[in-house]
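Those protein sequence lines, which keep their order, are chains A and B. Position 143 of the first sequence, counting from 1, maps to 143 under the working numbering, and the rest follow consecutively. Position 152 of the second sequence, counting from 1, maps to 152 under the working numbering, and the rest follow consecutively.
Hints are computed from structural coordinates only; laboratory data are not their basis. Where hints are given, some of them may not hold.
Using 25 angstroms as the maximum straight-line C-alpha spacing, the simulated BS3-like pairs for lysine-lysine come out as follows [to be verified]:
| hint | chain 1 | residue 1 | chain 2 | residue 2 |
| --- | --- | --- | --- | --- |
| 1 | A | Lys-33 | B | Lys-78 |
| 2 | B | Lys-72 | A | Lys-34 |
| 3 | A | Lys-34 | B | Lys-78 |
| 4 | B | Lys-59 | B | Lys-214 |
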Amino acid sequence: MDLSILRLTLQIAVVATAINFPLAIGISWLLVKKRIRGRFIIDVLVSLPLAVPPVAVGFFLLELLGRDGIVGSPVHRLLGVDIVFTWVAAALASAVVSFPLIARSIMVAIGGVDERLEMTARSLGAGSLRVALTITIPLAYRGILAGTLLGFVRALSEFGATVVVAGNIPGRTQTLPLAIFSNVQLNKTDDAMRLVAVSIALAVVTLGVHNWLLERSRGRT
Amino acid sequence: MTTPLLTFDITKRFSGFSLECQATFESGVTGIFGPSGSGKSTLLSCIAGLLTPDRGEIKALGSTVYSSASRKNLPPNKRRFGYVLQEAALFPNMSVRDNILYGHKLTHPDHREVDPEQLVELFRLSHLMDRGVANLSGGERQRVALARALATSPRVLLLDEPLASLDAGFRGVIIEYLRRIWRELGTPMVYVSHSISEVMALADTVLVLAGGRKVVHGETSQVLADPMVARIADHGAFENLLPASISSSEVEEGLSELIVGHARLIGPSVNRGEGEIVTVSIRAGDVIVALDVPPETSARNVIAGVIEEIHVVGPQALVYVDIGTRLVVEITQGSLRRLQLRRGQKVYLIIKTSSIGILDAPD
Numbered sequence: 001m002d003l004s005i006l007r008l009t010l011q012i013a014v015v016a017t018a019i020n021f022p023l024a025i026g027i028s029w030l031l032v033k034k035r036i037r038g039r040f041i042i043d044v045l046v047s048l049p050l051a052v053p054p055v056a057v058g059f060f061l062l063e064l065l066g067r068d069g070i071v072g073s074p075v076h077r078l079l080g081v082d083i084v085f086t087w088v089a090a091a092l093a094s095a096v097v098s099f100p101l102i103a104r105s106i107m108v109a110i111g112g113v114d115e116r117l118e119m120t121a122r123s124l125g126a127g128s129l130r131v132a133l134t135i136t137i138p139l140a141y142r143g144i145l146a147g148t149l150l151g152f153v154r155a156l157s158e159f160g161a162t163v164v165v166a167g168n169i170p171g172r173t174q175t176l177p178l179a180i181f182s183n184v185q186l187n188k189t190d191d192a193m194r195l196v197a198v199s200i201a202l203a204v205v206t207l208g209v210h211n212w213l214l215e216r217s218r219g220r221t
Numbered sequence: 001m002t003t004p005l006l007t008f009d010i011t012k013r014f015s016g017f018s019l020e021c022q023a024t025f026e027s028g029v030t031g032i033f034g035p036s037g038s039g040k041s042t043l044l045s046c047i048a049g050l051l052t053p054d055r056g057e058i059k060a061l062g063s064t065v066y067s068s069a070s071r072k073n074l075p076p077n078k079r080r081f082g083y084v085l086q087e088a089a090l091f092p093n094m095s096v097r098d099n100i101l102y103g104h105k106l107t108h109p110d111h112r113e114v115d116p117e118q119l120v121e122l123f124r125l126s127h128l129m130d131r132g133v134a135n136l137s138g139g140e141r142q143r144v145a146l147a148r149a150l151a152t153s154p155r156v157l158l159l160d161e162p163l164a165s166l167d168a169g170f171r172g173v174i175i176e177y178l179r180r181i182w183r184e185l186g187t188p189m190v191y192v193s194h195s196i197s198e199v200m201a202l203a204d205t206v207l208v209l210a211g212g213r214k215v216v217h218g219e220t221s222q223v224l225a226d227p228m229v230a231r232i233a234d235h236g237a238f239e240n241l242l243p244a245s246i247s248s249s250e251v252e253e254g255l256s257e258l259i260v261g262h263a264r265l266i267g268p269s270v271n272r273g274e275g276e277i278v279t280v281s282i283r284a285g286d287v288i289v290a291l292d293v294p295p296e297t298s299a300r301n302v303i304a305g306v307i308e309e310i311h312v313v314g315p316q317a318l319v320y321v322d323i324g325t326r327l328v329v330e331i332t333q334g335s336l337r338r339l340q341l342r343r344g345q346k347v348y349l350i351i352k353t354s355s356i357g358i359l360d361a362p363d
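Next up, chain A with everything else stripped away, as it sits in the complex (with noise of 0.2 angstroms):
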């Protein structure tokens, strides 16, 4: 099996995360600590790529990241460079599709700490920044890395989204999934079982330690 591909997968998978992780944290704390106002909105606009098909998300990437695109045309105007079709498109793809997961779980941790102790620490003379640092994430740790490897393994088997604003180019954009799409399609079965085994094998592993960390994460509040 080429290796390149599952480099290429991991990559995209982990910069899709690492994008992910401090966004979700701020819009989580926003939704469950802060009464703001349009929180019903973000709520769902948070949760949208959930539900809508990853084709269309993908479409809608296109739209934005192309040429003539918000993002994509200052990009190429600046930096005379594309960003659909590359690498960076299909990180950018996992990471909307995954975004949800991670959000969505790390709200869960997060609202899951005893509002009774944050409060406790504040009347104790800690500013809230202190109680988010001394409190709050570590009570909430557990459950935001579960969160977190729940996005990166639905990072690792995204499909929809990618092969629209990405394409399936071998060594630039194909990942796990999208070569596994091009050996069915080329009826090489032997070679889609082993990318199989392979995406199989990557999910049970990432999947446990997520399902140790929750199991761990039960026992502290």
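Since the structure of chain A is provided, determine the placement of chain B on it from the hints.
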């Protein structure tokens, strides 16, 4: 005139409930009493800064901590109020020691008046310091929570039902600790409770709330007998929660001798040494009043006292008897008339051993 501990005049609305309350608390121990849903915890949260009122003003020792008029709202971490909840709310990711030192470390060195070591000793926590908080008993948890709040040298300690989730034994133990806080550290306290017995045992003055409004506010002994309070509180179930010094833990089989006020009482046996202080519970309705020393009775305790006050509350009468401390006795109005009781009169109180509850639990 000294600066009052707290003055406030606030409004806080929720859907279906509103709190509108104005009062001034002096130093010492102030109780806030009311049935559940009366707004007492809401009031305490507003004072602590954990809830923001819709409008009004809150002052602590003369300085404004909240004012809707001048748009001032000091965050809870700047108010220097200790706040202890019913459930102790210990930080599960820290040891007992780190819990206790959490706020102390955040306290400005100039404000550190209470030494954490003194608290560890006062609350008998030294053997627990390196433990996690997961396996502590209810009483231990509450002792750690009190020590943690006091370690910040708070200007006032706000207590929200700290005894409500404890077994009777631990309740007695924590009541005694709360008395010691005021006696030994001099930290003023605001004590929220739905138990008039607890409020009476601890507080000098009490604010009574019902439906988000002030019902009465005054000296605890007067408030207890207030007809408005009688509607909320069940006087027959009223417990005198009094400190008792053990003079003999086993005076005879299964019985101890206790000193309450200046009376010696025979009570159930107790697992403590001589001289130690425990909390005893004597129900107001369980005490019999006699004008003379009765001839032989099966009751073991006949103690002399002087009537301090008599309050008629509905069909009942509350008789406050001085036995070196105040014992509240509840009798019917008929008995009051028949015995022709009056203030200053000497009476004898008959208390069965089994009517004396010792609220104690191992440390």
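Hint-by-hint comparison with the structure:
no. : hint                   : in the structure
1   : A/Lys-33 <-> B/Lys-78  : holds (20 angstroms)
2   : B/Lys-72 <-> A/Lys-34  : holds (20 angstroms)
3   : A/Lys-34 <-> B/Lys-78  : holds (20 angstroms)
4   : B/Lys-59 <-> B/Lys-214 : holds (18 angstroms)
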